[in-house]
Each structure stands twice: as structure tokens, then as C-alpha cells.
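2 protein chains.
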Amino acid sequence: MNIYFACSITGGREFEPVYQDLTKALLADGHDVPTAHLAASNVVSLEAVVDPHEVYERDVNWIRAARAVVAEVSVPSHGVGYEIGFALDAGKPVLCLLQEGRKVSKMISGNSHPHLQLKAYRDSAQAVELMQKFLAELK
Amino acid sequence: MNIYFACSITGGREFEPVYQDLTKALLADGHDVPTAHLAASNVVSLEAVVDPHEVYERDVNWIRAARAVVAEVSVPSHGVGYEIGFALDAGKPVLCLLQEGRKVSKMISGNSHPHLQLKAYRDSAQAVELMQKFLAELK
Chain A
65 MNIYFACSIT GGREFEPVYQ DLTKALLADG HDVPTAHLAA SNVVSLEAVV
115 DPHEVYERDV NWIRAARAVV AEVSVPSHGV GYEIGFALDA GKPVLCLLQE
165 GRKVSKMISG NSHPHLQLKA YRDSAQAVEL MQKFLAELK
Chain B
65 MNIYFACSIT GGREFEPVYQ DLTKALLADG HDVPTAHLAA SNVVSLEAVV
115 DPHEVYERDV NWIRAARAVV AEVSVPSHGV GYEIGFALDA GKPVLCLLQE
165 GRKVSKMISG NSHPHLQLKA YRDSAQAVEL MQKFLAELK
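In order, the protein sequence lines correspond to chains A and B. For what it's worth, the numbering used here labels the leading residue of the first sequence as 65, then goes sequentially. For what it's worth, the numbering used here labels the leading residue of the second sequence as 65, then goes sequentially.
It is possible that some hints are incorrect.
[To be verified] To give an idea of the chain A side of the interface with chain B (calculated C-beta under 8 angstroms), a few residues: (1) G75; (2) V113; (3) P116; (4) Q181.
[As the list claims (entries may be wrong)] Capping the alpha-carbon separation at 35 angstroms, the derived lysine-lysine pairs in DSBU-like fashion look like this: (5) A:K183 <-> A:K167; (6) A:K88 <-> A:K197; (7) A:K183 <-> A:K203; (8) A:K167 <-> A:K88; (9) A:K167 <-> B:K203; (10) A:K167 <-> A:K203; (11) B:K167 <-> B:K203; (12) B:K167 <-> A:K88; (13) A:K167 <-> A:K197; (14) B:K167 <-> A:K167; (15) B:K203 <-> B:K183; (16) B:K167 <-> A:K183; (17) A:K167 <-> B:K183; (18) B:K88 <-> B:K203; (19) B:K88 <-> B:K167.
[As the list claims (entries may be wrong)] To be clear about the criterion: a stretch of chain A counts as covered by chain B if any three or more of its residues have a C-beta under 8 angstroms from a C-beta of chain B, and this derived list gives those stretches: (20) 95 to 107; (21) 118 to 129; (22) 138 to 145.
FYI, nobody ran anything at the bench for these hints, they're computed from the structure. We treat Cβ as the ideally placed atom computed from N, Cα and C, and that holds for glycine.
Assemble the whole structure, with the sequences as input and the hints as a guide.
See the structure below:
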């Protein structure tokens, strides 16, 4: 499936190892992941050279083309919050993954949109399992 | 006018003094600001006792009822990112205020939606001026 993976870039990269485990698992399972490069350690410098309008248009077009969105939400991010709303408006199923003990905005945790799921995970391995279960149920 | 003021809550309160100057100015200018309490120092504990679904429904209904949205975006926030997208979809003019030297997601800075403005400010006083100019032009 074509999957849009959303994670914090400007907002902070503390969870980069989790982003990498999630995108690696998606690619290993044969999914198309146009944003897989957003998990890489050099993404902040790579994305800095791209025109902001090009990034915006690229990303919303990727969301439109995706079957579903997987968002890691342990670190606050305007971009990820915006993308979650955009994806729900576009009718895409959205899985938000949050590390246990972290807090996320009530605009996410209190959002009862039928296409939105929020799941807490202990470690990367469990985050991958939750993502795989979410995607298996879409088939 | 009825103005929806958006700021980070769960994401971090570093800019609370700016939020307070902005909401004070809005109220002093005679605007209705249903979210003015979100600028207060005790908001995190106050909002913690409210059911997340109630907060979500309350906030999106306030956005729907607002003439415009003013969002302080210097601190990353899923909620504010979501609200900006929600407001644009609802046809509301949105002003994003960013402290000079701070970075914001390209989903905001690269977004060429005709109802979205992003302005950088040096200090609270200039942020208030930019907000007042934005609102004056809506009349």
C-alpha cells in the first residue's frame, strides 16, 4: 500500500530512532513510503534546501495519493497536527502512535473522527506491531 | 469580532507571556475571545480535568463560530497545527505569529492558502500590532 508516514522535523528529532524503525518495517513489508527519507538523520539539513511551498505541495499531494497515514506523535509538531487534519478531511484512515507516558494535544486524543486511531506503545517493536495491525485491517 | 486564539498547551508554555499580551489586547479592543483562558498560567491543570472529547468539540465549535483565528506558532504543537488546518477548511482567515529566529513547519510556512498569513515579530508589542492590523483589514 501507499502509506504517508508523518513525523516531527522542525519540532524536534528526539524520536528519530522510532521513526526509522517504523519506516524500515513499512518498506520491509513492501509498502510504498514516499516520506521514508523523513526518518533519516540528515533530514533537517536535506529539507532545509527545499522551497517551503514545494515541500507543502509535495506533502499534501502525497497525502492525497496515500491509502493511509501513520503519524508518530510523541513530540509536538505543527506540521504533523496539520497533516492529521488534512488526511482526515481527505478521507484517509490515520493511526497516531504515542509513546506511553507522553501527552498529546486533546485535538488528537479528544478527536472522535471515525478514521482516527490513537495507540500508545512501550517501545519501537510494539509501535511496529500496532502499525502492522492497523494496516492489515485496511486490506 | 469573535476571535479564536490558538496557542500551545500540551506542547509547551515557554511563550505564555506573549499569549497573555495577545489575549489581553484582544479583550481590551472589545473582541470576544472564548479561548482567552488558554493564555493563563494555570491552563494546563485547568484543562487536564476536562474530558478530551469535550475539549475537542468545544474548540472546533469555537473555530466554526469565529470570524478569524490568531495562532501563536513559536512553540511546536499538534493542536495548533490541527486547528490552523481546520480553520482554513472552514473558510476562516488565519494569522500565524512567529517570534523572529524561530522556525515553523513548512506545512505552515510553505502553505499558500489565500486565507493564511504568517508574520514574524520581535516582541510582544509588535505581535500585538501585527494582530491588530490583520483584524482591522477584515472589517
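For each hint, the structure was consulted:
The interface hint given for A:G75 holds, since its Cβ lies 3 angstroms from the closest Cβ of chain B, which is under the 8 angstroms cut-off. Because the smallest distance between the Cβ of A:V113 and any Cβ of chain B comes to about 12 angstroms, over 8 angstroms, the interface hint for this residue is violated. Proximity of A:P116 to chain B holds as hinted, the smallest CB-CB distance being about 3 angstroms (cut-off 8 angstroms). Contact between A:Q181 and chain B, as hinted, is not supported at the beta carbon level, the nearest pair being about 14 angstroms apart and thus beyond 8 angstroms.
Between the alpha carbons of A:K183 and A:K167 the distance comes to roughly 12 angstroms, so the proposed pair stays at or under 35 angstroms and holds. Restraint check: the Cα-Cα separation between A:K88 and A:K197 comes to about 16 angstroms, which is no more than 35 angstroms; the hinted pair holds. Taking the CA atoms of A:K183 and A:K203, the gap is near 19 angstroms; set against the 35 angstroms cutoff, the hint holds. Straight-line distance between C-alpha atoms of A:K167 and A:K88 comes to about 25 angstroms, which keeps the hinted pair within the 35 angstroms bound.
Of the pairs offered as hints, the one joining A:K167 and B:K203 is violated, with about 39 angstroms between alpha carbons and a cut-off of 35 angstroms exceeded. The suggested pairing of A:K167 with A:K203 holds, with an alpha-carbon distance near 30 angstroms, which does not exceed 35 angstroms. Proximity of B:K167 to B:K203 is assessed by CA-CA distance (about 30 angstroms); at most 35 angstroms being required, the pair is judged to hold. Only pairs whose Cα atoms come within 35 angstroms are accepted, and B:K167 paired with A:K88 is accepted, the gap being roughly 28 angstroms.
Restraint check: the Cα-Cα separation between A:K167 and A:K197 comes to about 23 angstroms, which is no more than 35 angstroms; the hinted pair holds. Straight-line distance between C-alpha atoms of B:K167 and A:K167 comes to about 22 angstroms, which keeps the hinted pair within the 35 angstroms bound. Taking the CA atoms of B:K203 and B:K183, the gap is about 19 angstroms. The hint holds against a cut of 35 angstroms. A hinted pair counts as satisfied when its Cα atoms are at most 35 angstroms apart, and B:K167 with A:K183 qualifies at roughly 29 angstroms.
Restraint check for A:K167 and B:K183: the C-alpha separation of about 29 angstroms stays at or below 35 angstroms, so the hint holds. Proximity of B:K88 to B:K203 is assessed by CA-CA distance (about 20 angstroms); at most 35 angstroms being required, the pair is judged to hold. Between B:K88 and B:K167 the alpha-carbon distance is near 25 angstroms, which keeps this suggested pair within the 35 angstroms criterion. Coverage of the stretch 95 to 107 of chain A by chain B is violated in this model, with 0 residues showing a Cβ closer than 8 angstroms to a Cβ of that chain against a need of three.
Figure legend: the stretch 118 to 129 of chain A, annotated as covered by chain B; annotation consistent (5 residues with Cβ-Cβ distances under 8 angstroms, at least 3 required). With a threshold of 8 angstroms between beta carbons, the proposed coverage of the stretch 138 to 145 of chain A by chain B holds, since 7 of its residues qualify and at least three are required.
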